[in-house]
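Okay, here's what each chain looks like letter by letter:
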Amino acid sequence: MKKITAYFRKHPLNLLLLAIPLALMAFWLEWGELWVFILSALAIVPLAGYIGESTEALTFYTGPRIGGLLNATLGNAAELIITIVAIREGLLDLVKASITGSILGNVLLVLGMAFLLGGLRHGEQRFDSKHAGRNAILLLLAVIALAIPSLFSHSIGPDTSLPVEALSLGVAATMIVLYAAGLIYGYKTTGMQVDGPLEAPVGGNAELVRIVQKSHRTDDKGIHSPWSLRTALIVLGLATVGVAVLSELLVGAVEPVVASLGISEFFVGIILIPIIGNVAEHLVAVKVAMLNQMDLGVEIAIASSLQVALFVAPILVFISLLMGNPLQLIFNQFELLALIVGVLIAVFVSQDGESNWLEGAELLAVYVILALAFFLLPF
Amino acid sequence: MKKITAYFRKHPLNLLLLAIPLALMAFWLEWGELWVFILSALAIVPLAGYIGESTEALTFYTGPRIGGLLNATLGNAAELIITIVAIREGLLDLVKASITGSILGNVLLVLGMAFLLGGLRHGEQRFDSKHAGRNAILLLLAVIALAIPSLFSHSIGPDTSLPVEALSLGVAATMIVLYAAGLIYGYKTTGMQVDGPLEAPVGGNAELVRIVQKSHRTDDKGIHSPWSLRTALIVLGLATVGVAVLSELLVGAVEPVVASLGISEFFVGIILIPIIGNVAEHLVAVKVAMLNQMDLGVEIAIASSLQVALFVAPILVFISLLMGNPLQLIFNQFELLALIVGVLIAVFVSQDGESNWLEGAELLAVYVILALAFFLLPF
Amino acid sequence: MKKITAYFRKHPLNLLLLAIPLALMAFWLEWGELWVFILSALAIVPLAGYIGESTEALTFYTGPRIGGLLNATLGNAAELIITIVAIREGLLDLVKASITGSILGNVLLVLGMAFLLGGLRHGEQRFDSKHAGRNAILLLLAVIALAIPSLFSHSIGPDTSLPVEALSLGVAATMIVLYAAGLIYGYKTTGMQVDGPLEAPVGGNAELVRIVQKSHRTDDKGIHSPWSLRTALIVLGLATVGVAVLSELLVGAVEPVVASLGISEFFVGIILIPIIGNVAEHLVAVKVAMLNQMDLGVEIAIASSLQVALFVAPILVFISLLMGNPLQLIFNQFELLALIVGVLIAVFVSQDGESNWLEGAELLAVYVILALAFFLLPF
Chain P
1 MKKITAYFRK HPLNLLLLAI PLALMAFWLE WGELWVFILS ALAIVPLAGY IGESTEALTF
61 YTGPRIGGLL NATLGNAAEL IITIVAIREG LLDLVKASIT GSILGNVLLV LGMAFLLGGL
121 RHGEQRFDSK HAGRNAILLL LAVIALAIPS LFSHSIGPDT SLPVEALSLG VAATMIVLYA
181 AGLIYGYKTT GMQVDGPLEA PVGGNAELVR IVQKSHRTDD KGIHSPWSLR TALIVLGLAT
241 VGVAVLSELL VGAVEPVVAS LGISEFFVGI ILIPIIGNVA EHLVAVKVAM LNQMDLGVEI
301 AIASSLQVAL FVAPILVFIS LLMGNPLQLI FNQFELLALI VGVLIAVFVS QDGESNWLEG
361 AELLAVYVIL ALAFFLLPF
Chain X
1 MKKITAYFRK HPLNLLLLAI PLALMAFWLE WGELWVFILS ALAIVPLAGY IGESTEALTF
61 YTGPRIGGLL NATLGNAAEL IITIVAIREG LLDLVKASIT GSILGNVLLV LGMAFLLGGL
121 RHGEQRFDSK HAGRNAILLL LAVIALAIPS LFSHSIGPDT SLPVEALSLG VAATMIVLYA
181 AGLIYGYKTT GMQVDGPLEA PVGGNAELVR IVQKSHRTDD KGIHSPWSLR TALIVLGLAT
241 VGVAVLSELL VGAVEPVVAS LGISEFFVGI ILIPIIGNVA EHLVAVKVAM LNQMDLGVEI
301 AIASSLQVAL FVAPILVFIS LLMGNPLQLI FNQFELLALI VGVLIAVFVS QDGESNWLEG
361 AELLAVYVIL ALAFFLLPF
Chain W
1 MKKITAYFRK HPLNLLLLAI PLALMAFWLE WGELWVFILS ALAIVPLAGY IGESTEALTF
61 YTGPRIGGLL NATLGNAAEL IITIVAIREG LLDLVKASIT GSILGNVLLV LGMAFLLGGL
121 RHGEQRFDSK HAGRNAILLL LAVIALAIPS LFSHSIGPDT SLPVEALSLG VAATMIVLYA
181 AGLIYGYKTT GMQVDGPLEA PVGGNAELVR IVQKSHRTDD KGIHSPWSLR TALIVLGLAT
241 VGVAVLSELL VGAVEPVVAS LGISEFFVGI ILIPIIGNVA EHLVAVKVAM LNQMDLGVEI
301 AIASSLQVAL FVAPILVFIS LLMGNPLQLI FNQFELLALI VGVLIAVFVS QDGESNWLEG
361 AELLAVYVIL ALAFFLLPF
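Residue numbers (my numbering), protein chains in the order written: chain P, 1 to 379; chain X, 1 to 379; chain W, 1 to 379.
Hints were generated in silico from the structure; no laboratory data involved.
Mixed in with the good hints, there may be bad ones.
[Stated by the list, open to error] With a Cα cut of at most 30 Å, we get these calculated BS3-like pairs of lysine-lysine:
id, chain 1, residue 1, chain 2, residue 2
1, P, K188, P, K10
2, W, K3, W, K287
3, X, K3, P, K130
4, P, K130, W, K10
5, P, K287, X, K130
6, W, K287, X, K130
7, W, K3, X, K287
8, P, K188, W, K3
9, X, K10, X, K188
10, X, K287, W, K130
11, P, K287, P, K130
12, X, K130, P, K130
13, X, K3, X, K188
14, W, K188, P, K188
15, P, K130, W, K287
16, X, K3, P, K287
Note that the structure is a prediction, hence the values are computed from the model and not measured.
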């Protein structure tokens, strides 16, 4: 019992595991859609964290190459599962909103929190602007490529014709190729030096494990024993199944909840879904910022956005086509604006090489105003 | 008599004080609205300068904290008074245009003149790109936040509904909080080092006084005697009253003048009003650039824009609500473009850390083309 | 015979000279418009290269000042001739598309190829970010100025009224003044140091000649004999006449080819025409990148864009007015977006000061996606 208390004190987020049975009860016993929505959302948070941790553990056994690939594929697994379920239900607007929201959340909310809390504790913080800036430019290019079909389709009118679908597929294919190129680039340069773009999630989290461990040394008795290969695989399997089941409940409850609360489906997609799927990762970025490892904090935020733009979005285009419910990369005017604004901010902020709490407060202010706008206005 | 001649030779702008009685005569003797408009516009210029000087003098007595607050509040007093009068008259488009024009004027006209004239005299000039770049990023974030309600309202159609008003107020409140945060940040960092963002107007002008004095040492007999507290208060009071009275005349004449000359109210708001309210400040930025103090010149231009975005605009939203004539932060498509373009330019130019006369000429070219467009086209 | 083989092995592009007689035959013998189009396009490529080479040779005799002017005027001669012929035929959309495409081609295709191929051979490459960044900012300002009339005309509706024409002329005049200012700035600073903006094409190509020669030293027997003045003038004259004649064939064939192939005139203008007119120059930029002279490669790409924005576009406005077929600087929504995106990318990429093949691949990806969009969608 004492051990359990200690465990939850160290990992308070895992208390949310209790939401799993509650969510299932809410569904079977028909407590109402709102309870299903809230409880399944809460329950996904720790499971997404477990997918991340078990992937991390697996990379200890696979070596860096396959590990990088694993990380790249499973890094956004929770979000991928939720959006795939949403595609099957035909909630394509929700899916596109959550792609946008995921990028925005990383560059405004996560970076903002990291700058604010890190800055309050450590004053002005510095980070390697060369590396961060390079990733930010890749992100800018990726988002511009992602935005091109939308810009075209707006200029030819609302009907989603064959050329728009062809263009969507062309863009998605190009992105996947670039993503692969990025992984190759990462392998090649990390052979010599450890600063390949896109390589971040791998090297990043491994380094993070070390850093976070150092700060908990007293608890861990100095020795780090990662999960065994078997444990890692079992945890990964269970967490994935859990996320899949809960995503069904969550997505099924979206429409009734939206209707009863009077909030927009767009708000759910752009603010709530990305937060649910990424809380664990977000906390890590903020934690390292507070440990004055701002290099790593900026890296996680930008590399994570990059992964969504270059990997998650294109994969969803192809998966949706296979599922017979084709997702076209046509973002609405507001998603486009938010994306471009968010990414420009990321570029400027990262080229600067310095952060302070005021800059963090400004990033959060932009996020809060955007969220307020999404909340207030009908779509 | 000789002293008066010498005074006006040193402060040629103050010759415009003669326009005060003329403006009043034009109004009472009904010389025509055009004369009232021109004369009251000219008369406001030196009075706005006196408000600035007396505020500066007051900060010698209040200490830096309250001095900073004073400067922050009174730094754009002339413009605030004009726009408040305009709000009462219901000229809300004029007010929004003058907010846009004030930011544009600072980053294109003032910076352009400073780079051009400074560069012609000193060749390539350098300035601290770190500090200028940091302020420029804050400005970018502020302008983006300011633009969000407009982007939303354009996407939901022309009717100004309740959510748009709520969003305007939300943005204004967030901006004021950020402005306060910026002042706090400034106090904290200037305790240790003298480079807090937003702190610029205070430290800036004080430093300026010293620099400008040095260059006039022969006139001043080496000793600087700022105004007494009483003089400062009396000058501040008189100048404020003067600006208020003349603003009545100016704003009252806008509509007939616009109608008779065939220029647009928009042109008056975006080009003329900001110039009238800021000439004195603008001249200071150009003067320091010509003294090869480009750090200070860039600082004045960007910090002044920042103050308009973070303080003047939100304050006007609240004041207009109290006056029963609510100003919504809905800029037209063109104001938005001009704002974003202007601020992006400010960011790029300031991150560069170097200026030359060609860069100044390009900034002025953009301003001239914008002004030509505002002049030529109907709104 | 052996000499001729050796010559063509060294200058394989000149094999395309064979397309000149074929194009003429295709026209006289009525092989069909498609053949005329393809053959005249191919034939223009080496002739454009000869115009460039003979201009370069002339500058050896004129001295740097007039040489700079010559280069500035004749640097885009082939493109100017094609577009002037197109203006006479009333293909104004084609002309505007080719202005956009020329800037895009330089900052995405050329820079992308240079980064990709240079990076694959040399790994990470560095270049002088100060100089490149300064030119990129000038380009940004120029493109913004160029975009202002379009933004206005979109906001007042589709009819091209007198104010829009006046604004177009005002912008064109301002640009020419800025271009002249840039040349003066270049002369002044190159007196002392060799890095004036806009000066690039002159110093650039001269330096290039030296670099390329070094790499071919074995062929050239160590001594460089430029063309005689007479040869240069004759080659220039013949090549210009050749381009003019072939442009007639090319432009005359555009409309039937577009109709029969189902591609858009817009695609021809934005992708094909710029490539035809600039292949020779593009190859030079890529060549120097592969020789690890990335400074020069970036310089050529950005300076060439700058020349189109500040010189070619305004000149076409005035020439078209004289020809009674006034070209207004009203770009469509898509050209504007592409321009702004392209130039922002140029700014970010050049401020960075480093390049690698992944960055090159991303630039090419954006270009490919844009080209795909232009190809797929109707305009």
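Hints and how they fare:
Under the criterion of a C-alpha separation no larger than 30 Å, the hint pairing P/K188 with P/K10 is inconsistent with the structure, at around 38 Å. This hinted pair checks out: W/K3 and W/K287 have alpha carbons roughly 24 Å apart, not beyond 30 Å. Distance restraint check for X/K3 and P/K130: the Cα-Cα separation of roughly 59 Å exceeds the 30 Å cut-off, and the hinted pair is therefore not satisfied. Distance check on the hinted pair: P/K130 and W/K10 sit about 40 Å apart at the alpha-carbon level, beyond 30 Å; violated.
For the proposed pair P/K287 and X/K130, the alpha carbon gap of about 27 Å is at most 30 Å, so the pair holds. A distance of roughly 36 Å separates the Cα atoms of W/K287 and X/K130; the hinted pair therefore is violated under the 30 Å criterion. Among the hinted pairs, W/K3 with X/K287 is inconsistent with the structure: their alpha-carbon atoms are about 66 Å apart, more than 30 Å. At most 30 Å may separate the alpha-carbon atoms for a hinted pair to count; P/K188 and W/K3 exceed this at roughly 44 Å.
In summary, the hint linking X/K10 to X/K188 is not supported, as the alpha carbons are separated by about 37 Å, beyond the 30 Å threshold. With a CA separation close to 27 Å, the supplied pair X/K287 and W/K130 stays within the 30 Å bound. Note on P/K287 and P/K130: the hinted pairing holds, with a Cα-Cα distance of about 22 Å set against a maximum of 30 Å. Proposed proximity of X/K130 and P/K130 is supported: the alpha carbons are some 15 Å apart, at most 30 Å.
Note on X/K3 and X/K188: the hinted pairing is violated, with a Cα-Cα distance of about 44 Å set against a maximum of 30 Å. Under the criterion of a C-alpha separation no larger than 30 Å, the hint pairing W/K188 with P/K188 is inconsistent with the structure, at around 45 Å. Between the alpha carbons of P/K130 and W/K287 the distance comes to roughly 27 Å, so the proposed pair stays at or under 30 Å and holds. Annotation: proposed proximity of X/K3 to P/K287 is violated, straight-line Cα distance about 66 Å (limit 30 Å).
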